[in-house]
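Chains as they are written, first to last, in the working numbering: chain U, 1 to 269; chain G, 1001 to 1255.
There could be a bad hint or two in this list.
Stated by the list, open to error - Cross-link-like lysine-lysine pairs, in silico, DSS-like; alpha carbons within 25 Å at most:
| no. | chain 1 | residue 1 | chain 2 | residue 2 |
| --- | --- | --- | --- | --- |
| 1 | G | K1246 | G | K1214 |
| 2 | G | K1082 | G | K1124 |
| 3 | G | K1239 | G | K1169 |
| 4 | G | K1082 | U | K38 |
| 5 | G | K1169 | G | K1119 |
| 6 | G | K1214 | U | K38 |
| 7 | G | K1239 | G | K1197 |
| 8 | G | K1056 | G | K1200 |
| 9 | G | K1081 | U | K38 |
| 10 | G | K1227 | G | K1200 |
| 11 | G | K1227 | G | K1239 |
| 12 | G | K1169 | G | K1082 |
| 13 | G | K1056 | U | K230 |
| 14 | G | K1078 | U | K38 |
| 15 | G | K1056 | G | K1081 |
Since the hints were derived computationally from the structure, they do not count as laboratory data. This structure is a prediction, so every number in the text was calculated from the model and none was measured.
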Amino acid sequence: METGEQNRPQRKYLISKGIDGFFASIHHVSLFVLRFFKELFSAPVEFRETIRQCYIVGVKSLPLISITGLITGVVFTLQFRPVMVEFGAEGWIPATVAVAVIRALAPLVTSLICSGKVGSSFGAELGAMRVTDQIDAMEVSAVNPYKFLVVSRVLATTFMVPALTIYFGLLCGLGSYFQVHQADQTSFPMFISGFFEKIDFIDYASAIFRALVYGFTLGMVGCYQGYFTKQGTEGVGRAANKAVVISNFLLFIEEVLIVSGISILRSFM
Amino acid sequence: MKKTGNIHNEDIVISIRGLRKSFSMPVLRGIDLDLYNGENLVVLGRSGTGKSVLIKIISGLLTPDSGTVMVLGEDISKLSKKEMDELRLKIGFSFQNSALYDSMTVRENLEFPLRHHDKNLSFKSRLQLIEETLDSVGMLPSINQMPVELSGGQKKRVGIARTLIMRPKIMLYDEPTAGLDPITSVEIIELINEVQKNYKTSSIIITHDLTCAKATGDRLMMLIDGKIAAQGSFDEVFKSQNEQIKSFYDYNFVQ
Ligand SMILES: Nc1ncnc2c1ncn2[C@@H]1O[C@H](COP(=O)(O)OP(=O)(O)OP(=O)(O)O)[C@@H](O)[C@H]1O
Ligand SMILES: [Mg+2]
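Kindly produce the complete structure, drawing on both the sequences and the hints.
Pasting the structure below:
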């Protein structure tokens, strides 16, 4: 009884502190994101570093994207075939694969791969720089560390994830063609015309738009986690880990929101 | 080893009054400090007394809760971001752990501030400046190495060279000899004195190593519990009857 009385004010304090902390961290994140747009349009531009990051992001994920893309194409077609055969619709396989890949899979799978490969390395890299004072060292030498480290990296993922998404889509198509060709001896031109039959402008635009948003998100989350790493080397591991977990979570939420938005848009057309 | 012949004129380069800073606990509790042109001022104190916090405030990495900090005649709390950056170019900061950019070679580490601030320097004169500065800290042979390939003492040297390349007027050294063996320590101590002489810098040297304090300091300050407990020459400070200062001295030399 007595201890209960004593605990009560403390628990209340803890809850209000938790709520305060939640809003404080939202505020902190918004400032970090807003700063991106502010620094993006102010001189000087870290052109060299941005190009270097684009190269790293692109090249780092290329092997994994290639393999995943090709295999997704093959496996997806393989799994889909029995159903299509049952309906006597083998001819529709290329179009179906295309709809699945371009409308749904390509942006999401590419971003998830990049968040695991690139986002986590942003978290670890910037985290290590933070805990070894390298970010402070930039600051005291009057170089803007946000611009040099964060803006260049976020720009790189924002541009490279869409590029990799297109590449992923093409490789999926290629994988699917291998499977279709093997089973039905469909020629390449036949496959291609089938593949692109059901895809319209909105599909392409929305895939690219989603990839842009996801690329921005995963770059931002990775950089945020790294930039504010605390508690030494242990914090670096945590930053890398959180970068992936949080950005994957956000990617799915964005997917739901954007796809719903696009369906509504379609219903008006 | 004791420093002799300290000539300093009365120009004040850094002037701090009533400086306070708290985190979850009070760290600095009213610091007054003057750094004179051309002198090496040593700030002594045990771990956690806020020595690093003090020089982070001077370089604008942390903001004070109250008090004024004047650096080269400018009140740093009144400077815009741009003006602060201009001032920072005149301050060299040697970090406790060197803080070299470990994705870059030694040459690129030195080139980094140059590339950002001296844009119209030709490639050739830039390289010449880098080689010259590296040579002055004895690290020219390592110009193409990566920081991971260097020892602690070598990293310190490169870190110092990276700040010297902007020809700063003020040097802030955070524990320059921490974690180094006695011989390497002496080499760094000599380097600090050479920098003072050759680059005409005024320096604040933070340390808890009395050998370093004695050999580099023209003047010493003892920081205890967030306040300056004693100041003056080495002998003046350690003549004090303050128990904490005495035990600080004893522990340093008993070991
Ligand atoms: N950014 C910060 N956030 C919170 N607390 C801090 C921060 N920086 C320093 N402190 C606290 O301030 C106190 C003094 O830290 P500081 O790094 O200045 O000590 P120091 O005198 O340099 O010690 P050392 O000799 O170990 O380097 C410590 O208790 C530390 O926990
Ligand atoms: Mg320190």
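Here is what the structure says about each hint:
Between K1246/G and K1214/G, the direct Cα distance comes to roughly 16 Å. Compliance with the 25 Å bound is thereby established for this hinted pair. Pair hint K1082/G plus K1124/G does not hold up; C-alpha atoms about 29 Å apart against a cutoff of 25 Å. Straight-line distance between C-alpha atoms of K1239/G and K1169/G comes to about 32 Å, which puts the hinted pair past the 25 Å bound. At most 25 Å may separate the alpha-carbon atoms for a hinted pair to count; K1082/G and K38/U meet this at roughly 15 Å.
Of the pairs offered as hints, the one joining K1169/G and K1119/G holds, with about 21 Å between alpha carbons and a cut-off of 25 Å not exceeded. Restraint check for K1214/G and K38/U: the C-alpha separation of about 48 Å exceeds 25 Å, so the hint is violated. Straight-line distance between C-alpha atoms of K1239/G and K1197/G comes to about 29 Å, which puts the hinted pair past the 25 Å bound. The hinted pair formed by K1056/G and K1200/G meets the criterion: a straight-line CA distance of about 22 Å does not exceed 25 Å.
Restraint check for K1081/G and K38/U: the C-alpha separation of about 14 Å stays at or below 25 Å, so the hint holds. Annotation: proposed proximity of K1227/G to K1200/G is violated, straight-line Cα distance about 29 Å (limit 25 Å). Taking the CA atoms of K1227/G and K1239/G, the gap is about 18 Å. The hint holds against a cut of 25 Å. Restraint check: the Cα-Cα separation between K1169/G and K1082/G comes to about 18 Å, which is no more than 25 Å; the hinted pair holds.
For the given pair, K1056/G sits about 17 Å from K230/U by alpha-carbon distance, which is consistent with the 25 Å threshold. Simply put, K1078/G and K38/U have alpha-carbon atoms about 22 Å apart, close enough for the 25 Å limit, and the pair holds. About 16 Å separates the Cα atoms of K1056/G and K1081/G, which keeps this hinted pair within 25 Å; it holds.
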